[in-house]
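Heads up: the sequence lines are chains E and C, in that order.
Residue numbers for the first sequence follow this note's numbering, so the first one is 64 and each next one is one higher.
Residue numbers for the second sequence follow this note's numbering, so the first one is 800 and each next one is one higher.
Simulated from the structure, these hints should not be mistaken for lab results.
Only a predicted model underlies this, so the values are computations on that prediction, with no experimental measurement involved.
Yeah, the Cβ is synthetic: ideal placement off N, Cα and C, and Gly gets one too.
Where hints are given, some of them may not hold.
Unchecked claim - Interface residues of chain E toward chain C, partial, derived using beta-carbon atoms under 7 angstroms:
| id | residue |
| --- | --- |
| 1 | Y112 |
| 2 | K133 |
| 3 | G168 |
Claimed, not checked - Which chain E residues stay away from chain C? Per the calculated CB distances, all over 12 angstroms, these:
| id | residue |
| --- | --- |
| 4 | Q69 |
| 5 | P77 |
| 6 | K130 |
| 7 | Y134 |
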Amino acid sequence: QKEVEQDPGPLSVPEGAIVSLNCTYSNSAFQYFMWYRQYSRKGPELLMYTYSSGNKEDGRFTAQVDKSSKYISLFIRDSQPSDSATYLCAMSFSNTGNQFYFGTGTSLTVIP
Amino acid sequence: DTGVSQDPRHKITKRGQNVTFRCDPISEHNRLYWYRQTLGQGPEFLTYFQNEAQLEKSRLLSDRFSAERPKGSFSTLEIQRTEQGDSAMYLCASSFSRGRTGQETQYFGPGTRLLVL
């Protein structure tokens, strides 16, 4: 079993829709949770960074962490065609000098 | 551009050849990471440096792989006797550590795409 599970999609939504992306994980020691966006043939770009359980909002993006269920989510409101990319969740055990464990990524297409 | 840079962006080589990739981190960042990403997968950790010291290596990093970070600035990743299974995107990331307080965010470069024929 992988440490981090993520549905690879692909996910296709109309412009303006609310998108929900999710990851589950098996190791309860994970404390830091990240969402990265990766455009084709580019490196991952950090979107959101959260610590422990709770919500964090940044513009059209909201990250949720539910440690009791070992489940994290990223919501994108008012999705735009420019949001079309692969979204990777990542997590780490601590915030210092630790490797990140990534999901496989979910491919999202927002149709104009 | 003050982000993480990687060179070359693409490399095609024949099986058995050696290849070397370079990563230049964000200038004030003291930590540097190497990851490998294959198609349809998330990045997988290979190794990381704090300044010039290599502190952790994944078991994915076979003895054909070696990484260095002389003087704690740029880093190189060398693959000797390449195999077709080495074909992947090699990503470098850097971060600034404040010790045990504060958040540490890894910023990724554009990657080097390797194809071994």
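Structure-based check of each hint:
no., hint, verdict
1, Y112, "holds (6 angstroms)"
2, K133, "violated (17 angstroms)"
3, G168, "holds (5 angstroms)"
4, Q69, "violated (7 angstroms)"
5, P77, "holds (25 angstroms)"
6, K130, "holds (17 angstroms)"
7, Y134, "holds (17 angstroms)"
Consistency note: the structure conflicts with the earlier hints numbered 2, 4.
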